[in-house]
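Participant: Kindly generate the complete structure, drawing on both the sequences and the hints.
Quick mapping for you: the protein sequence lines, in order, are chains P and X.
Just so you know, the first sequence maps onto residues 21 to 252 in this note's numbering.
Just so you know, the second sequence maps onto residues 888 to 1128 in this note's numbering.
Mixed in with the good hints, there may be bad ones.
[Stated by the list, open to error] With a cut-off of at most 27 Å between alpha-carbon atoms, the simulated BS3-like pairs for lysine-lysine come out as follows: (1) P/Lys-175 <-> X/Lys-1016; (2) P/Lys-79 <-> X/Lys-1016; (3) P/Lys-79 <-> X/Lys-956; (4) P/Lys-83 <-> P/Lys-73.
These are calculated hints, taken from the structure and not from any lab test.
Only a predicted model underlies this, so the values are computations on that prediction, with no experimental measurement involved.
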Amino acid sequence: MGFLGELQQKFTDDFIVKDRYMELVIGLRNTVTITAFALIIGISIGLVLAMFKIIAREKKDLKILDVIADIYITVIRGTPVVLQLMIWFYVVLAFAKDPIPVAILGFGINSGAYVAEIFRSGIQSIDKGQMEAGRSLGLSYWTTMRYIILPQAFKNVLPALGNEFIALLKETSVAGYIAVHDLTRGAYNIRNMTYDSFLPLIASATIYLVMVMIISSLLSALERRLRQSDRS
Amino acid sequence: MIEVRNLVKDFGNNRVLDGIDQFIEKGEKIVVVGPSGSGKSTFLRCLNLLETPTSGEIYFQGEEITSPKVDINKVRRKMGMVFQHFNLFPHMNVLDNITFAPAHLKLMSKEEAEAKAEALLKRVGLIDKAKAYPNQLSGGQKQRIAIVRALAMSPDLMLFDEPTSALDPEMVGEVLEVMKELAEEGMTMIVVTHEMGFAKEVGTRVLFMDEGKILEDAPPEELFDNPKTDRAKEFLSKVLK
Chain P
21 MGFLGELQQK
31 FTDDFIVKDR
41 YMELVIGLRN
51 TVTITAFALI
61 IGISIGLVLA
71 MFKIIAREKK
81 DLKILDVIAD
91 IYITVIRGTP
101 VVLQLMIWFY
111 VVLAFAKDPI
121 PVAILGFGIN
131 SGAYVAEIFR
141 SGIQSIDKGQ
151 MEAGRSLGLS
161 YWTTMRYIIL
171 PQAFKNVLPA
181 LGNEFIALLK
191 ETSVAGYIAV
201 HDLTRGAYNI
211 RNMTYDSFLP
221 LIASATIYLV
231 MVMIISSLLS
241 ALERRLRQSD
251 RS
Chain X
888 MIEVRNLVKD
898 FGNNRVLDGI
908 DQFIEKGEKI
918 VVVGPSGSGK
928 STFLRCLNLL
938 ETPTSGEIYF
948 QGEEITSPKV
958 DINKVRRKMG
968 MVFQHFNLFP
978 HMNVLDNITF
988 APAHLKLMSK
998 EEAEAKAEAL
1008 LKRVGLIDKA
1018 KAYPNQLSGG
1028 QKQRIAIVRA
1038 LAMSPDLMLF
1048 DEPTSALDPE
1058 MVGEVLEVMK
1068 ELAEEGMTMI
1078 VVTHEMGFAK
1088 EVGTRVLFMD
1098 EGKILEDAPP
1108 EELFDNPKTD
1118 RAKEFLSKVL
1128 K
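Facilitator: Below, the structure is given as structure tokens:
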């Protein structure tokens, strides 16, 4: 049997026999689910933490908010995500049966710390005059924040947010440590069944790559749209 | 219309306003002049509480707005402000810049706000820019839009914080022209500016400020032709060349 014939045989064993490709399909579904929900949680937490820091700068008596945000960000960014994940699953939420919601929570909380810093710098990059103009028109602090500051800040941080999205997608590949059947674990399962490493690992890596490329191009399209008001 | 009593503002250990007393009546056009760092912008920004006074009181239409019980957002609806750097909202087109606040605050319907914005834009000659974004406009156009944005709230008082200082010289005229028209219509205005020609032509009273105090307070012809303090003489001799 030649090289190509061997490859074909391995392909059949790895993916066709006993519908083993389903390992990757289920894994992909879980990876996408975890990434999508963790992203939503991460953006929500990040926005709240960023607002904590912004408000603490304006109102000195709310300094405690800054301390809370700082502790959160320091602890989360200072420890490996895989350990955070295991602490959630095996310690804090040890009663949980399904690891997927735990993974969503763990990655969401982790991502929130990074997103917080992205939003904070984005909000602070908006000229002070924008808030003053909004307030001078009789708009409240929150209305001005919501309709004047945040849309501009969001546009500015979109590239950084996109990077965080991509990093999160790839980072979920450690979810296997808490028994999540994600895309990486799917490839690993096939390897255990067929003793072939090459095709399953390359296949799952390729799927990650394609997803990242799709996300990148969607983000560039979104950035171009949002930048319309900048053209002069 | 607006009364200021013993207004003091500190930034850290730096006293920027040092006991300002003023009474401004409806229809007056007050021009505030003085060297940079004299506190004139801070004075203006205290009037709508963009800066919180360290002490002193401000009354607007009979109400003490420095009282913590006052809803400052409501008060500000009646005080338009125009900034040196325009501060238009770059992510909104011209029409949305003008209509956002009155429509969002439900002072008028979206349609009414747009009709009013269009009427104001026609007046300042920029109706063709209604759908443009701020970055597509010249400085003079931006400032005229900023004036229209403030006017769309139907304010009783207009504050101008060096409205022409960031403009190229050839664009100063178009902005001053709009301000003059506004003055002629009877708007109460407080203008911080270096445009002495405008002060002379439009001002009913000129305040000369230095080191956080109002040193002179007189009609423009009196103040410019016959300043009483040495500090004002020195300042005017430099700017009136």
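Participant: Run every hint past the structure and note whether it holds.
Facilitator: Each hint, compared with the structure:
For a cut-off of 27 Å, the pair hint linking P/Lys-175 to X/Lys-1016 stands: about 24 Å separates their Cα positions. Between P/Lys-79 and X/Lys-1016 the alpha-carbon distance is near 39 Å, which puts this suggested pair outside the 27 Å criterion. Restraint check for P/Lys-79 and X/Lys-956: satisfied, since their Cα atoms lie roughly 18 Å apart, inside the 27 Å limit. Distance hint between P/Lys-83 and P/Lys-73 is fulfilled; the C-alpha atoms sit about 8 Å from each other, no more than 27 Å.
The structure shown violates just one earlier hint, number 2.
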